[in-house]
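**Student:** Full structure from sequences and hints, please.
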Amino acid sequence: MAHDGDALQYVQYHGAKEETYLPAIRQLISKDLSEPYSIYVYRYFLYQWGDLCYMALDSANELIGVVVCKLEPHRSGPCRGYIAMLAVRESHRGQGIATKLVCMAIDAMAARDADEIVLETEVTNQASLKLYERLGFLRSKRLHRYYLNGNAAFRLVLYMKEGTALKRPPVVDGQDGQMMGGLQKMEEYKGFAQDAEVT
Amino acid sequence: MADPALLYHDATASDADTLTASNGTGPAFASAESSRFAQTSLPLRQAPRRGAPPHIRDVTEKFTAACQALDVGQLVKDEYFTLFESIGAIEIMDPKMDSGFLQPGETLEDDFDPLAPLLPEELIGIMDQLLSYEMAWHTGYPLSQTLFTSVYIDRLLWPEPESIPQAQFYRDDILDDKRPGTLLDVLRAYCLALIKGCDYVIAKIMARDYFEEEDFSTHTYNRVLFVQAPIDVFLRELDASVEMIEDPDLQIDGGIRSAIVARLHFRKTFLCALDPECPLEILSSFWPPVVPFIDQVNDTHILGKTVPGSFSTKIQRRLASTVPPRPIVQVEFKDALQTLKQLCIDCKEATRFKDLPTDPLEYQSFLWTFASRQPAPLTYSRSYLSNILFDPYVLNAPVSLPLEDVQSFVFHESPILDPSNWALSPPRNPLMPKSPRLQFALLIDEFVERVGQSYLDLWVALGQNKCRLRRMLTHVIIAWDMLQQDAVFVDADLIAYALQLTISEEVMDGPLQTWVYIKKLWMIEKVVVLGFEQDIYLPDEYAGIYYFLSLMATKRKDALKRCVEHTNDRTVQFLQSSRFEDAQNTSEKISFIDSELQQATGISAFAKALHGIYTIANYLRLLPSPNRPFSTESLRYELRMKPFLSLQPPEVPPFEEFQAAVQPYGTYSDPSPSLHDDLRQADCKVWSDIDTSLKNAKDAFAKVKKYGAKESKAGGVEQAWNKEIQGMLASCIALGVTVAGLKSAVKDIEPGSKVQVKIEIPPAGASKRYVEGWIVPKIVKG
Numbered sequence: 001m002a003h004d005g006d007a008l009q010y011v012q013y014h015g016a017k018e019e020t021y022l023p024a025i026r027q028l029i030s031k032d033l034s035e036p037y038s039i040y041v042y043r044y045f046l047y048q049w050g051d052l053c054y055m056a057l058d059s060a061n062e063l064i065g066v067v068v069c070k071l072e073p074h075r076s077g078p079c080r081g082y083i084a085m086l087a088v089r090e091s092h093r094g095q096g097i098a099t100k101l102v103c104m105a106i107d108a109m110a111a112r113d114a115d116e117i118v119l120e121t122e123v124t125n126q127a128s129l130k131l132y133e134r135l136g137f138l139r140s141k142r143l144h145r146y147y148l149n150g151n152a153a154f155r156l157v158l159y160m161k162e163g164t165a166l167k168r169p170p171v172v173d174g175q176d177g178q179m180m181g182g183l184q185k186m187e188e189y190k191g192f193a194q195d196a197e198v199t
Numbered sequence: 001m002a003d004p005a006l007l008y009h010d011a012t013a014s015d016a017d018t019l020t021a022s023n024g025t026g027p028a029f030a031s032a033e034s035s036r037f038a039q040t041s042l043p044l045r046q047a048p049r050r051g052a053p054p055h056i057r058d059v060t061e062k063f064t065a066a067c068q069a070l071d072v073g074q075l076v077k078d079e080y081f082t083l084f085e086s087i088g089a090i091e092i093m094d095p096k097m098d099s100g101f102l103q104p105g106e107t108l109e110d111d112f113d114p115l116a117p118l119l120p121e122e123l124i125g126i127m128d129q130l131l132s133y134e135m136a137w138h139t140g141y142p143l144s145q146t147l148f149t150s151v152y153i154d155r156l157l158w159p160e161p162e163s164i165p166q167a168q169f170y171r172d173d174i175l176d177d178k179r180p181g182t183l184l185d186v187l188r189a190y191c192l193a194l195i196k197g198c199d200y201v202i203a204k205i206m207a208r209d210y211f212e213e214e215d216f217s218t219h220t221y222n223r224v225l226f227v228q229a230p231i232d233v234f235l236r237e238l239d240a241s242v243e244m245i246e247d248p249d250l251q252i253d254g255g256i257r258s259a260i261v262a263r264l265h266f267r268k269t270f271l272c273a274l275d276p277e278c279p280l281e282i283l284s285s286f287w288p289p290v291v292p293f294i295d296q297v298n299d300t301h302i303l304g305k306t307v308p309g310s311f312s313t314k315i316q317r318r319l320a321s322t323v324p325p326r327p328i329v330q331v332e333f334k335d336a337l338q339t340l341k342q343l344c345i346d347c348k349e350a351t352r353f354k355d356l357p358t359d360p361l362e363y364q365s366f367l368w369t370f371a372s373r374q375p376a377p378l379t380y381s382r383s384y385l386s387n388i389l390f391d392p393y394v395l396n397a398p399v400s401l402p403l404e405d406v407q408s409f410v411f412h413e414s415p416i417l418d419p420s421n422w423a424l425s426p427p428r429n430p431l432m433p434k435s436p437r438l439q440f441a442l443l444i445d446e447f448v449e450r451v452g453q454s455y456l457d458l459w460v461a462l463g464q465n466k467c468r469l470r471r472m473l474t475h476v477i478i479a480w481d482m483l484q485q486d487a488v489f490v491d492a493d494l495i496a497y498a499l500q501l502t503i504s505e506e507v508m509d510g511p512l513q514t515w516v517y518i519k520k521l522w523m524i525e526k527v528v529v530l531g532f533e534q535d536i537y538l539p540d541e542y543a544g545i546y547y548f549l550s551l552m553a554t555k556r557k558d559a560l561k562r563c564v565e566h567t568n569d570r571t572v573q574f575l576q577s578s579r580f581e582d583a584q585n586t587s588e589k590i591s592f593i594d595s596e597l598q599q600a601t602g603i604s605a606f607a608k609a610l611h612g613i614y615t616i617a618n619y620l621r622l623l624p625s626p627n628r629p630f631s632t633e634s635l636r637y638e639l640r641m642k643p644f645l646s647l648q649p650p651e652v653p654p655f656e657e658f659q660a661a662v663q664p665y666g667t668y669s670d671p672s673p674s675l676h677d678d679l680r681q682a683d684c685k686v687w688s689d690i691d692t693s694l695k696n697a698k699d700a701f702a703k704v705k706k707y708g709a710k711e712s713k714a715g716g717v718e719q720a721w722n723k724e725i726q727g728m729l730a731s732c733i734a735l736g737v738t739v740a741g742l743k744s745a746v747k748d749i750e751p752g753s754k755v756q757v758k759i760e761i762p763p764a765g766a767s768k769r770y771v772e773g774w775i776v777p778k779i780v781k782g
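Protein sequences appear in the order of chains A and B. Under the UniProt record's numbering, think of the first position of the first sequence as 1, with each following residue one higher. Under the UniProt record's numbering, think of the first position of the second sequence as 1, with each following residue one higher.
Just so you know, the hints here were simulated from the structure itself, not pulled from any lab data. These numbers were taken from a predicted model, which means no experiment stands behind them. Any given hint could turn out to be false.
[As the list claims (entries may be wrong)] From chain A, some residues computed to sit far from chain B (all C-beta separations above 10 Å):
(1) Ser-38
(2) Ala-60
(3) Ser-140
(4) Ala-152
(5) Met-160
[Claimed, not checked] In silico lysine-lysine, BS3-like type, Cα no more than 30 Å apart, as pairs:
(6) B:Lys-642 <-> B:Lys-561
(7) B:Lys-96 <-> A:Lys-31
(8) A:Lys-130 <-> B:Lys-768
(9) B:Lys-768 <-> B:Lys-695
(10) A:Lys-130 <-> B:Lys-778
(11) B:Lys-555 <-> B:Lys-685
(12) A:Lys-130 <-> B:Lys-710
(13) B:Lys-77 <-> B:Lys-62
(14) A:Lys-167 <-> B:Lys-526
(15) B:Lys-466 <-> B:Lys-348
(16) B:Lys-589 <-> A:Lys-31
(17) B:Lys-77 <-> A:Lys-17
(18) A:Lys-70 <-> B:Lys-685
(19) B:Lys-555 <-> B:Lys-526
(20) B:Lys-589 <-> B:Lys-710
(21) B:Lys-642 <-> A:Lys-167
(22) A:Lys-167 <-> B:Lys-466
(23) B:Lys-348 <-> B:Lys-768
(24) A:Lys-17 <-> B:Lys-96
(25) B:Lys-768 <-> B:Lys-747
(26) A:Lys-161 <-> B:Lys-526
Backbone N, C-alpha and C fix where the C-beta goes; we use that ideal spot for every residue, glycine too.
**Tutor:** What follows is the structure in structure tokens.
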């Protein structure tokens, strides 16, 4: 193959680059999806956590791969990073680009004090499972009929800090932690596609 | 690559992972209902005030001007705009998102005429297609992508008819020459019964805990599925149709005639079986009649001719949903029939529940076995069983079910449960102390009341799909943990009153807490075993997880041992005081507890043997072990133990202890030199520990098998129970073979040399394991 992973440039996304990169990001991510995400989904992430988005660009500045994440306190207490989208152009898979992007995202989330990082992936997506499990993720749950196609997912989790399991949300306005129960439900949504390179 | 699986606004949470189910009704006899349903803590938008007249103002210009003040990429987002909402958002004029978008030349409606005459073959084809979609719906797809794509169904339901006679493929007046013929009338009857069946299915599922989307989609998009009409109406229509088809004047091929009749009969028997009003006593008689018709439908499917035009995704545009049109779910007819058959079999099986002896432990065995059926029972079948379980007839048993459970373990002919305690009246003067025996009754009543919700939660969990079951159990365990702490206080009171009566030797030490603890540990073990079954653990984790499982089972074993000892003590006490009948009754109860004890012994020993063999496999680098640059052993241990970290007494050993158990020779990459010396000697401790454990496991499981299903309070599921215990014994034998193979492979091993065998891990869910939750590795030539 003519492509050389080393020739790629890995850059952090920035809101000022939306016009340049968002169309390409959307195209790359939605390529493997039966239904596209609306632009609001991308902006939801990129506007709030653009610095947790990394892109692999070739010498012609074409987008080859991208990872999109978010990071915020989870209702259960810990500061939770979430890898929402990961995609690498098919012609460039198998070169460690996805791994590199994920590593950069993890480093960035670690620098911002993430307690844990989570994501979902289809139980049959061996490439994706391998990628994350090599880095240290464990499967924590199996989610029945998680995807629209009826397939199940694994929740993958990586703890970044000791004591994460016992973190509890701060008590606000006399409410106890259990009152926070509804938040996840509101926030909950079916997962995003996890693209990964074939190893 | 997966679908994005994002859902638009009619989605519900799939993984709130609380005990909150989406129906909002909860179990029938729980009192503290409201607390089970988490309240949202998000600030909510103010709803527009009612009553004010609509005030319409054109804001286009303002909006356009405001937009121009924004840079591309700048987002206006208030506090309330969550990710969930961003996913629900659509883009106008994007054909994949905008349900009103028409491609050039595309029409909004289909031009299929549902009044056009049908061929008999086409009638069969449409009926079979409808049946396929009905089953697709049962497996979890929404009506919008299945049955509601039928033009016929759409016509019957919309505009909403005021009565069944009005539910036609047309509305209002019609010219006589357009009036539908016999075959269309028959199709109508079939569709009506099908729709009513869907109504029944939704009613049954929504009466119990289920999870929208994950399990089943109850959404009917503002269509009313003849909720008010009674079953007779539909049965009459079907009967009339059978008559019409059987009319000798109807010119129709004989084979096709009977194929159509079979479909009508199927529809009739199926609708009767789905009827939620079926009395409990005769439930089981409704399912067997359905099956022969399914077979006839299957045999005559080939006679049918499809009418693809009668199904269209365009109908979705008119359904009350923001979801853009999605493709029709394609299901093979033979798969659909298989699903249908399984549904009938599972429901028939569920009806056996009502014949169980009134014993909550028999119930528990039945629920567990039902949840473990392969293929996994559909949501309807699970709801069907739950509806039987939560039927007042079952729940309002003359005995307290939780107390019955307690009694099976800890109170045998106990003075604490003496019925006369409940006959005592409190002293007239409330300042006077109550008699200790009355106190027993009050304490037990209070405890039983306290147990109720946690007990039900366990049953509710057992009614879920297995992924959900595993996660829900971790929550149920926490509730039982709190229960255990409360039980400690009740026990202290019980013993204090027993001391007053000088009968303390007749009361077991900490009876209630022991009972709760046994149940709690059982649940912990189940969570771990389900983890293996669901492929949650990676091979290099097996050693540590089986180690933990063995620890939990050992603790349960110890608790059960105390129950056995107490029961033995009681028998002796009765014999000494010549209470022979009580002695007899008490000693008979021992079989169950001892069977449980042997079961726990077997699990603990077998898990220990697996811990041993996987530890060796880790040292020999026979299992894949990722290098995990972002993680450490202690972080992974913490993650794994998360569900159990808060439990009291502490169940999770400190990391150092865990590490010593799974790395007895130091790190896997640089083990102590004694490792290889030890491995070479087949009689060294590292091997003999495994051999002993394996032998203990075999002995224990053999004893359990000898007790049999009935003594083990699984008489209602004897076949499955036998299969499981047989599977455990077979697993022990298989592990023996593996141990022997590995021993011989390392008999000359030197540090640094590579062992010439490989380990094969039988995959989950492929019938390659004797028992799904027990992974016995295989040794193959390297």
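**Student:** What's the verdict on Lys-768 (chain B) and Lys-695 (chain B), does the C-alpha distance respect the 30 Å limit or exceed it?
**Tutor:** Distance ~23 Å between Lys-768 (chain B) and Lys-695 (chain B) Cα, so the pair holds.
**Student:** Are the Cα positions of Lys-167 (chain A) and Lys-526 (chain B) separated by 30 Å at most?
**Tutor:** 25 Å, holds
**Student:** Holds or violated: are the alpha carbons of Lys-70 (chain A) and Lys-685 (chain B) at most 30 Å from each other?
**Tutor:** The hint is violated at about 50 Å.
**Student:** Please verify whether Lys-17 (chain A) and Lys-96 (chain B) have alpha carbons no more than 30 Å apart.
**Tutor:** Holds. Lys-17 (chain A) to Lys-96 (chain B) sits at ~26 Å (cutoff 30 Å).
**Student:** Is Lys-555 (chain B) close enough to Lys-526 (chain B), meaning Cα to Cα at most 30 Å?
**Tutor:** 14 Å, holds
**Student:** For a C-alpha distance cap of 30 Å, please report whether Lys-642 (chain B) and Lys-561 (chain B) respect it.
**Tutor:** It holds: about 28 Å lies between the C-alpha atoms, which stays within 30 Å.
**Student:** Would you mind confirming whether the straight-line C-alpha gap from Lys-130 (chain A) to Lys-710 (chain B) stays at or under 30 Å?
**Tutor:** 45 Å, violated
**Student:** Compare the distance between the alpha carbons of Lys-130 (chain A) and Lys-778 (chain B) with 30 Å, and conclude whether the hinted pair is satisfied.
**Tutor:** 23 Å, holds
**Student:** Determine whether the non-interface label on Ser-38 (chain A) survives the test: each CB of chain B must be over 10 Å from its CB.
**Tutor:** Check fails; 5 Å does not lie beyond 10 Å.
**Student:** Holds or violated: are the alpha carbons of Lys-589 (chain B) and Lys-710 (chain B) at most 30 Å from each other?
**Tutor:** Roughly 12 Å separates the two Cα atoms, so the pair holds.
**Student:** Does Lys-96 (chain B) pair with Lys-31 (chain A) here, judged by a C-alpha cut-off of 30 Å?
**Tutor:** 13 Å, holds
**Student:** Just to be careful, I want the Cα atoms of Lys-161 (chain A) and Lys-526 (chain B) compared with a cutoff of 30 Å; is the pair within it?
**Tutor:** 28 Å, holds
The structure shown violates the earlier hints numbered 1, 3, 4, 5, 12, 16 and 18.
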